[in-house]
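Trainee: Given next are the chains, with one letter for each unit.
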Amino acid sequence: MTGYLLNRLLISGATFLVIITAVFFMIRAAPGGPFDGDRRLPPEVEANLLAAYDLDQPPGRQYLNYLGMLARGDLGPSFKQKDFTVNELIASGLPVSLGVGLTALLLAVLGGVGIGVQAGLSPGSFSDAALMGAANLGLALPSIVLAPLAVLVFAVWLGWLPAGGVGSPAHFILPPLALALPFVTAIARLTRGSVAETLLEPHVMTAHAKGLPHRRIVFRHILPIALLPVLSFLGPAAAALLTGSVVIEQVFELPGIGRYFVQAALNRDYTLVMGVVVVYAAFILMFNLLVDLCYARLDPRIRVAD
Amino acid sequence: MKTFALQHLLLLLLLNGLPAHARESDGDLILGNPGEPQTLDPHRYNLRLEETILTDLFLGLTAMDPEGRIIPGAAESWTVSEDGLTWTFRLRENLKWSDGEPLTAEDFVFSFRRLLDPATAASLAYFMYPIANARAVNAGELPPAALGVSAPDPRTLALELAEPYPHLPERLLYPTGFAVPGHVIDAHGDDWVKAEHWVSNGAYRLEAWRPQAYVALEANPHFHEPVAIPRVRYLPLANEQNAYNRYRAGEVHAIGGFPSSELDRVRRTMPEHLRISPLLSMIYLVFNTTRAPFDDVRVREALTLMVQPDILTEKIQRTGNYAARSFVPFLVEGYDAPVPAFHDQPLPDRMSRAKALLGEAGYGPDNPLEVTLRYFDEGDGKRSNLAIASFWRQIGVTTRLHHTELKVHFTDLRQGDFQVAQAGWIGENNPGHYLELLISDAGNVNYGRYRNQAYDTLMQAAGKQKELAERYRLMREAEALAMGEYPVVPLWSVAVKRLVSPDLKGWHENHRDVHAVRYLSW
Numbered sequence: 139m140t141g142y143l144l145n146r147l148l149i150s151g152a153t154f155l156v157i158i159t160a161v162f163f164m165i166r167a168a169p170g171g172p173f174d175g176d177r178r179l180p181p182e183v184e185a186n187l188l189a190a191y192d193l194d195q196p197p198g199r200q201y202l203n204y205l206g207m208l209a210r211g212d213l214g215p216s217f218k219q220k221d222f223t224v225n226e227l228i229a230s231g232l233p234v235s236l237g238v239g240l241t242a243l244l245l246a247v248l249g250g251v252g253i254g255v256q257a258g259l260s261p262g263s264f265s266d267a268a269l270m271g272a273a274n275l276g277l278a279l280p281s282i283v284l285a286p287l288a289v290l291v292f293a294v295w296l297g298w299l300p301a302g303g304v305g306s307p308a309h310f311i312l313p314p315l316a317l318a319l320p321f322v323t324a325i326a327r328l329t330r331g332s333v334a335e336t337l338l339e340p341h342v343m344t345a346h347a348k349g350l351p352h353r354r355i356v357f358r359h360i361l362p363i364a365l366l367p368v369l370s371f372l373g374p375a376a377a378a379l380l381t382g383s384v385v386i387e388q389v390f391e392l393p394g395i396g397r398y399f400v401q402a403a404l405n406r407d408y409t410l411v412m413g414v415v416v417v418y419a420a421f422i423l424m425f426n427l428l429v430d431l432c433y434a435r436l437d438p439r440i441r442v443a444d
Numbered sequence: 045m046k047t048f049a050l051q052h053l054l055l056l057l058l059l060n061g062l063p064a065h066a067r068e069s070d071g072d073l074i075l076g077n078p079g080e081p082q083t084l085d086p087h088r089y090n091l092r093l094e095e096t097i098l099t100d101l102f103l104g105l106t107a108m109d110p111e112g113r114i115i116p117g118a119a120e121s122w123t124v125s126e127d128g129l130t131w132t133f134r135l136r137e138n139l140k141w142s143d144g145e146p147l148t149a150e151d152f153v154f155s156f157r158r159l160l161d162p163a164t165a166a167s168l169a170y171f172m173y174p175i176a177n178a179r180a181v182n183a184g185e186l187p188p189a190a191l192g193v194s195a196p197d198p199r200t201l202a203l204e205l206a207e208p209y210p211h212l213p214e215r216l217l218y219p220t221g222f223a224v225p226g227h228v229i230d231a232h233g234d235d236w237v238k239a240e241h242w243v244s245n246g247a248y249r250l251e252a253w254r255p256q257a258y259v260a261l262e263a264n265p266h267f268h269e270p271v272a273i274p275r276v277r278y279l280p281l282a283n284e285q286n287a288y289n290r291y292r293a294g295e296v297h298a299i300g301g302f303p304s305s306e307l308d309r310v311r312r313t314m315p316e317h318l319r320i321s322p323l324l325s326m327i328y329l330v331f332n333t334t335r336a337p338f339d340d341v342r343v344r345e346a347l348t349l350m351v352q353p354d355i356l357t358e359k360i361q362r363t364g365n366y367a368a369r370s371f372v373p374f375l376v377e378g379y380d381a382p383v384p385a386f387h388d389q390p391l392p393d394r395m396s397r398a399k400a401l402l403g404e405a406g407y408g409p410d411n412p413l414e415v416t417l418r419y420f421d422e423g424d425g426k427r428s429n430l431a432i433a434s435f436w437r438q439i440g441v442t443t444r445l446h447h448t449e450l451k452v453h454f455t456d457l458r459q460g461d462f463q464v465a466q467a468g469w470i471g472e473n474n475p476g477h478y479l480e481l482l483i484s485d486a487g488n489v490n491y492g493r494y495r496n497q498a499y500d501t502l503m504q505a506a507g508k509q510k511e512l513a514e515r516y517r518l519m520r521e522a523e524a525l526a527m528g529e530y531p532v533v534p535l536w537s538v539a540v541k542r543l544v545s546p547d548l549k550g551w552h553e554n555h556r557d558v559h560a561v562r563y564l565s566w
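Respectively, the protein sequence lines represent chains A and B.
Residue numbers for the first sequence follow this note's numbering, so the first one is 139 and each next one is one higher.
Residue numbers for the second sequence follow this note's numbering, so the first one is 45 and each next one is one higher.
Please note that a few of the clues may not be correct.
As the list claims (entries may be wrong) - Pair by pair, the computed Cβ-Cβ distance ranges are:
(1) A:168 with B:319: 46 to 54 Å
(2) B:487 with A:207: 31 to 39 Å
(3) B:547 with A:262: 57 to 65 Å
(4) B:444 with A:226: 43 to 51 Å
(5) A:197 with B:487: 24 to 32 Å
(6) B:442 with A:168: 37 to 45 Å
(7) A:209 with B:442: 52 to 60 Å
(8) A:209 with B:210: 19 to 27 Å
(9) B:311 with A:294: 44 to 52 Å
(10) B:374 with A:283: 36 to 44 Å
(11) A:271 with B:447: 39 to 47 Å
Hints in this document: simulated from the structure, not taken from any laboratory.
Glycine included, every Cβ here is placed at the ideal spot set by N, Cα and C.
Use the sequences and the hints to build the structure in full.
Mentor: Take a look at the structure:
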């Protein structure tokens, strides 16, 4: 197990390095630089700016400097948000993104499992068809369509919830819902299938034959088995929910790191793009690592192969 | 069953919502700004949306009244020497920083030197190049102390210019002319802009700045006049649709723009909220005069003859923009811009002349002209460019539209990597600010690399005049000369479309679209 863990850690570390190296050079290869605008920049001023941000150095040198800073946990000054360091910006934005992402994850699991179990327990019934039909609607409506619609209905027409921004718990209702919906559907489908399958397992029939209460059968004999596929779906889903909030943060004007990401890329704010990539990459690699470890724990064949 | 309970809870959440969300506390003004400021250091600012906030936080030597007229700011009066080269500003009595420290002419001397010090890396430092030695100081050739700024006494500031510059009071409206608190910068360095260290001399001071969420300002108790609104919050609303939603949801008291497609609905349903006003600006097409086919003046003239700006603004956009007939916007005061004669010719005459010109240049049915028109603006710009392509189709020209995002667009324009492209300039209330875009040594903002020795000479001569009348006469001559060679096609001046709460008093339209909060009240 330790060997397996070490192996996965090494691979994750290497992936991390590849990601930041690629992004470091890709953002610099994009046309336009951080100090290009539509106004005139005299050559003297441009030279002053480039020197102030280390951009007058050759790219290889800049890269080494960046790695050195990263090793010290310093993501550097933001090129565009001149009054903040990237560390300050991420410290301010990450809690918002995590809050939205984790709430959405919770909603997705509760809603998805709830619907899936309900539908799966009586496959082919009316409630199955109705619930899964409703859930499939969630898959057909991507967040980018659903979110503006939700704003229009709940904020502009009904006035129940704020249209965007932060400031109260009410600001954190629509965004996670809009983000979670497609995942509710995915989890519901997964759960329904696996519950319906488990129903036919001999041990469940035996439990019924023994006259165990329905509730006990569901919770003790069906769910623990039926939810295994859901568990393995959670790793990628968690990563997708965190990064998926890029769209949601734009629509709801949330001050999370997803919003920085888009604006920084458009502004060619090299250090801020790098900082957000570092954070995203770290989270995604961490989730994947966790899932790998869970697999290994649940499925001995992986350890054996290692 | 538990699962049922959960589903019901979720359904309840979805269907009933929560009690109406708390509206922002009363008395506070919430304003939408079209984006996130990149800095609140007035010497490092770059964007109009920063200028908006900085105008509340600081008070320059000159200021603007609600209608956009120049009025005394930190200086109560000023005089110009006979030769137009020395400007002397008399500061108000008892000026104070927001921490109560006295503000003197020395603070302005410190600030102008800081702006032009190469170490500050101020991208708009050139705004103050009219000051003697400014360019050399900014290039690091002279020490900051060599700058033509001095403080003979604590209430007198003298600015020495290299050449007469009658528009100096206007130029001083920009944040590059604001004073920054040297005593705080000495203590905290670059961190002086953090809310906890913040000191400024405007009607407001910085209370808090949460990135991408808001910039909060509170009244400065040491400002020389009382203000009616104690606290302001600027929200970064970069997306017009979101801004419009949030305004309609009652979360913002004023926004700087909304989707053009909603204009009719707004006119119908909430006319008392709508504020349309012309902005000092020029949107134009620029021809790359160094490359075929537009190195040929006949081709430039032919294509210019076919463009009808009034069709664009009145039939295509219908968003209130103002069709242009000259390169200097009609809004510029005191300047009678020359209008090329073709504007008053009927279209059939223009079309036959355009066809003839293209024929002379070697283009016709056998050898049709194909051009690529580049643009960045997905709103009014896209529809207008489609219309321009159809204008040109009438004389057999095929136009390929090429869209890129703003950064790429202007990078390519500066490098001369285009044939014909959309460009824009938001400028000052003086013709020189637009016409200098066509001077051959204007650098890479003369995107089309237009070059005309006679034009340069006229502009140079105009720059040496201290009398406005003579200055403008020479510039008018220069503009007429340049427009006869068709380096650019003036299209329109932008109409700013705002939504402003009817409860807010003291809001007036002005050509710069700057609305200082100190003039507002409930």
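Trainee: Take a look at whether the Cβ-Cβ distance between residue 444 (chain B) and residue 226 (chain A) falls inside 43 to 51 Å.
Mentor: 45 Å, holds
Trainee: At the C-beta level, are residue 374 (chain B) and residue 283 (chain A) separated by a distance inside 36 to 44 Å?
Mentor: 43 Å, holds
Trainee: Please test the hint of 44 to 52 Å on the beta carbon pair from residue 311 (chain B) and residue 294 (chain A).
Mentor: Once the Cβ atoms are compared, 18 Å apart, the range 44 to 52 Å for residue 294 (chain A) and residue 311 (chain B) is violated.
Trainee: Per the hint of 19 to 27 Å, is the separation of the Cβ atoms of residue 209 (chain A) and residue 210 (chain B) within bounds?
Mentor: Cβ of residue 209 (chain A) to Cβ of residue 210 (chain B): about 56 Å, so the range 19 to 27 Å is violated.
Trainee: Can the suggested window of 52 to 60 Å be confirmed for the beta-carbon pair residue 209 (chain A) and residue 442 (chain B)?
Mentor: 56 Å, holds
Trainee: Return holds or violated for the Cβ distance of residue 487 (chain B) and residue 207 (chain A) against the range 31 to 39 Å.
Mentor: This hint holds: roughly 34 Å between Cβ atoms.
Trainee: Per the hint of 37 to 45 Å, is the separation of the Cβ atoms of residue 442 (chain B) and residue 168 (chain A) within bounds?
Mentor: 30 Å, violated
Trainee: Is 24 to 32 Å right for how far apart the beta carbons of residue 197 (chain A) and residue 487 (chain B) are?
Mentor: About 26 Å separates the Cβ atoms of residue 197 (chain A) and residue 487 (chain B), which means 24 to 32 Å holds.
Trainee: Can you let me know if the beta-carbon spacing of residue 547 (chain B) and residue 262 (chain A) is within 57 to 65 Å?
Mentor: 59 Å, holds
Trainee: Tell me if the beta carbons of residue 271 (chain A) and residue 447 (chain B) are separated by a distance inside 39 to 47 Å.
Mentor: Once the Cβ atoms are compared, 40 Å apart, the range 39 to 47 Å for residue 447 (chain B) and residue 271 (chain A) holds.
Trainee: When you take the CB atoms of residue 168 (chain A) and residue 319 (chain B), is the distance between them in 46 to 54 Å?
Mentor: 38 Å, violated
In summary, the structure is inconsistent with hints 1, 6, 8, 9 from the numbered list given earlier, while agreeing with the others.
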